[in-house]
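Residue numbers (my numbering), protein chains in the order written: chain S, 65 to 412; chain W, 65 to 412; chain P, 65 to 412; chain X, 65 to 412.
In short, the hints are calculated from the structure, not lab data.
Here the structure is a predicted model, which is why all the values come from computation and not from measurement.
By construction, the Cβ of each residue, glycine as well, lies at the ideal position given by its N, Cα and C atoms.
Mixed in with the good hints there might be a few duds.
[Unchecked claim] To be clear about the criterion: a stretch of chain P counts as covered by chain X if any three or more of its residues have a C-beta under 8 Å from a C-beta of chain X, and this derived list gives those stretches:
id, stretch
1, 71-77
2, 94-102
3, 153-160
4, 299-305
4 protein chains.
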Amino acid sequence: MSQSRRSFASDNVAPAAPEVMAALARVNQGTVHSYGDDPETRRLTGLAQRTFEAELAIYPVATGTAANALALAVLAPPYGGIYCDAVAHVNTDECGAPEFYAGGAKLLPLTTADGRLRASQLAAPIAHAREMGVHHVAPAALSLSQATEWGTVYGLQQLRELTAAAHAHGLSVHMDGARFANAVAHLGCTPAEASWRSGVDVLSFGATKNGALAAEAVIFFRADMARDFELRRKRAGQLWSKLRYMSAQLTALLEDGLWLRHGRHANALAARLAQGLQVRGIGLVQPVEANEVFAVLPAQRIAALRAAGFEFYEWPAARPDRQPVVRLVTAYDMVAADVDALLAALDA
Amino acid sequence: MSQSRRSFASDNVAPAAPEVMAALARVNQGTVHSYGDDPETRRLTGLAQRTFEAELAIYPVATGTAANALALAVLAPPYGGIYCDAVAHVNTDECGAPEFYAGGAKLLPLTTADGRLRASQLAAPIAHAREMGVHHVAPAALSLSQATEWGTVYGLQQLRELTAAAHAHGLSVHMDGARFANAVAHLGCTPAEASWRSGVDVLSFGATKNGALAAEAVIFFRADMARDFELRRKRAGQLWSKLRYMSAQLTALLEDGLWLRHGRHANALAARLAQGLQVRGIGLVQPVEANEVFAVLPAQRIAALRAAGFEFYEWPAARPDRQPVVRLVTAYDMVAADVDALLAALDA
Amino acid sequence: MSQSRRSFASDNVAPAAPEVMAALARVNQGTVHSYGDDPETRRLTGLAQRTFEAELAIYPVATGTAANALALAVLAPPYGGIYCDAVAHVNTDECGAPEFYAGGAKLLPLTTADGRLRASQLAAPIAHAREMGVHHVAPAALSLSQATEWGTVYGLQQLRELTAAAHAHGLSVHMDGARFANAVAHLGCTPAEASWRSGVDVLSFGATKNGALAAEAVIFFRADMARDFELRRKRAGQLWSKLRYMSAQLTALLEDGLWLRHGRHANALAARLAQGLQVRGIGLVQPVEANEVFAVLPAQRIAALRAAGFEFYEWPAARPDRQPVVRLVTAYDMVAADVDALLAALDA
Amino acid sequence: MSQSRRSFASDNVAPAAPEVMAALARVNQGTVHSYGDDPETRRLTGLAQRTFEAELAIYPVATGTAANALALAVLAPPYGGIYCDAVAHVNTDECGAPEFYAGGAKLLPLTTADGRLRASQLAAPIAHAREMGVHHVAPAALSLSQATEWGTVYGLQQLRELTAAAHAHGLSVHMDGARFANAVAHLGCTPAEASWRSGVDVLSFGATKNGALAAEAVIFFRADMARDFELRRKRAGQLWSKLRYMSAQLTALLEDGLWLRHGRHANALAARLAQGLQVRGIGLVQPVEANEVFAVLPAQRIAALRAAGFEFYEWPAARPDRQPVVRLVTAYDMVAADVDALLAALDA
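Sequences are here, hints too, so could you generate the full structure?
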């Protein structure tokens, strides 16, 4: 009997989906023009435009860090300020990539309880910034994560209020959608509703965590930003000569909605896991709305799970009552038995 | 009968080698730790160390532009100067990527006839820079291309004189080895001799043009530079969570010397092409030592080749006697019949 | 009868001291070598070395923002993190200058009640940063303000514990001494004790607020950093050809301890003001240890003072019990009557 | 008898003009608002607008390097290309300041014989850049020096053709006017004709070499660029709190056309010097149209002049027939006797 999949460390420990591998093989035929002037890249644009019902521009990049940082560099001048959650990936996990790409722009962290910024949080800091004039970085953009770093998901109404407030203050809106598929799966809305119809100007569309081999995409819903991006992409070393292989990973996911099925699947497993934990009296730190479960787990149980071969991270940021919090992440390639094996190990 | 391969535009229009595709499939099993803490990435380091007979550090990156720019950012401070050939890819084709990655460092172009810098070219500009003190960017690095942009190859003696002069002036040495395989194939020496034993501190090791799907590598022969690079790589968005897929492309090429066989094969086809052109009275602009042929071709013959479906670039930089120069590039995936088809089209 | 000086808005609204103006006139004779190779600049170095009892390097720059940002650029790599108070001038008032000069380095704000960082605040965030590896900016420097943004002053013991902790964690230490004179005046120690003997590696030595016309200085107590600084200074456009005029402003202040007398004078006036306010039942937000007084003032009294021609800022950051807080700043050029006039206006 | 002024090294070795010193004393009265909200700075804007007959914005900065680099940062995006003469100060003498300020933008040097770019030089490199697309930096700006680095001056017709060509290609136009006064004096036209009426968008208006103590100015003739500049100026540490002292230096020069009288005076002395040299059979490398004389001087005569206490630079860039070339610079504070003393020393 094959061993269950025991890493709940991240959705990025998973392999690539068979459909993605098949797409790579499919495009690995003959010569094509380089740097994106190839049929598969054109196909990607078409697929993305149909998926999002918009005249968008889509660009494959190497990583989520690149997607976020390149997108923000288009939205913010070097002396610009970018509002985000204090725990946002762009602020805590990217080694200063947004600051680098945007030539020294400054992230302006706001505090939330659940990863979701509120529309009302913008007025005061922006009023202060305007009052300070040239002494303060110029408010330029809002970056929000959907799903959030806490595995929660902005409701559409909440999202629209936030982006409307941002636009009213003259900010452009970036969505870090490393787990966009999980968010859309939770919301049960269209990709368009989850993005540009709710005020998102630029989307980092996550694929690596959702079945790709190594590809993310930046999607611009505003055509006026595309040329600037294209030049920044090139000088960032993020424009492949053999772009067909990046594009193929994304077409494989977009085709027939595979990306969304993956998202739903991972969400369902997270829900199963959350329920199993609660049944066992284990507290959750946040509502489980995507594919991440943050649970309060005594040190002894952590040790027991690790001894049984399970992998996951303790989460440093929040330890209420000094109890350790662990993050458990499900992914498209897991099955219910994997979740059940972890729950069983807790019972042992 | 299948159509011959008719694009001589670049070696980057080729598909990936079957061995590379097989390696991707091979590593596409189960979960592994992310960000390079995986067996395939460790295997890559071992293979590279054996290939180069050195305690090196090797890092996969997305593109040659990224490899060059990230490497140079380690070698040069933001106020540093980087000497290179005026026609070097870093100076002409990367949309300012080195300047971006190195925080504004300045490329200082020197002129050559054949893409090969001479050791004697360094003394005067560096003496001038020293005399100018803080008003001049601080001489920091030398970047040379091997094979060169003109399809020529530095001889080992010439290379050693150049790197020795650079080191004597306090410069670090970067080699843009987008076509390193072709250069080593031409030299018939070991990879060690072609790199660190001849004074190269950092090598951009090309793979995309040599059979990879989308991977290049930066190789540091000096351990003291590695940590700096690792942080720069992350903030550049060039550190993949699923690094195994980048590493696998490189291991596939390094294993059993596939990379070098590819280089030899492409070189042999270029030699065949060069000979065929000369037999037909067509002049070559440079000696053909790697996989690029620069030929003087009348406009009429250019039109005829294009009409027959052949693709290639006219080369803007050098048009002696107003005659057009074209660049014809061979690659690992071509066969002799492809070359012969082009020659036959010239006869038609 | 001449009007009293009614601006308590900032110490930078003051004119230049007569000694500074005299020094400008003194050096305005004949030709001298440019870019710092002049007698007055050499004199400045000598004076500073005697004042600080150290083999330091001192560099005039245009503004405090330039001093801080250039200094931090030497201490932190582009992927570095700089710990500071959340309300530090470098974090809130310089339009991202440190991020710009340091090529995207990131300020990592810590929260304090009184502007004074505690040694114990460093361990947790640095441990977290180390654990995060390349995903977190690399802890590189500590920037502290002395006197602080709240008009408080680090005691020598407190300062030494903080800098020792920083050094133990591998951080370099920068002191923003825009009001260094006021701090030394308060401490009653030597400049050496207030700086390098207490672990400061680089000092932004404020002069503009203390009687200069337009000059600040960066002082390096570590010689290994000086060359890097000199090149950064030039490319920042902060190296004057006629450097003698910058140097003369600083020599005028250093000579005979004028800078320190100015600091003592302003401090004494602030103490007089604080006492007068407290006598009138007006609460102070912070202990008054330098030349800034933060007072809780009802809106009606604010209006009354403004009507009487007094100028000052409401302070946005801290309004306990919703009461407005105002900042009142004294300066070297004020006299007791100016303070008394404000107090009298409160009584009216 | 007082010694003659013997340094012909640069116009920046001169002291400040008495009018400038008087202006400093004049504004050194009482408190004024900081950061440019003061009467003298408003007066500067008015004076500059009258001088240039335009609704311009003028900003004092510390140095010519700062003026040029900050101006170019407004004109060129980080991935932009800036065409200039290969010997332009921005390209050779500013330690990479333009690259730093413009976030990595690239200077694209063109070669001239006399420091004056020709309109016809732009078409070919820009056509090449457009053809290269994202692989080439995006042509963004033209920077020209007036007077040039060779002491020559663009005629108005030549200037207009050049700027018209630049604009036609979509470039903005920057003029490095470190010696703008000398150029206008030579042309005998109005400042407006020498700048915006001839297609200049932004002017670095030199003052330091023309009698200021330490001030230059950036003048924007296009209002849409001003806000961007103001934020960049602040984060560059080039916005003084006591801005009145910078403004006063510039008002002193603008008032009653002092700046232009200074330019005429220095030019006349250079003409006297040039004539004296030619009479003595000493060859000039360039026509003398401003305040710089480039003369071919045998090593023996160089030594003799140095022995007599004269100072000047040998000029590295151009040594026809291996003969040393020296640069002799006159300035506003020299008198005819100073020039005659040098000529007499040649006769000795």
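Open item on the list: Three residues or more, CB to CB closer than 8 Å: is that satisfied between the stretch 299-305 of chain P and chain X?
Closed with: Result for this restraint: holds, n = 7.
Task: Coverage claim, chain X over the stretch 71-77 of chain P, checked by counting residues with Cβ within 8 Å (three needed) - done: With 5 residues in contact (Cβ-Cβ under 8 Å with chain X), the coverage given for the stretch 71-77 of chain P holds.
TODO: Establish whether the coverage given for the stretch 153-160 of chain P by chain X is satisfied; the threshold is a Cβ-Cβ distance below 8 Å, and no fewer than three residues must meet it.
DONE: holds (count 3)
Open item on the list: Tell me whether the statement that chain X covers the stretch 94-102 of chain P is true, taking a Cβ distance below 8 Å and needing three residues at minimum.
Closed with: Since 5 is at least three, the answer is holds.
Taken one by one, the earlier hints all hold for this structure without exception.
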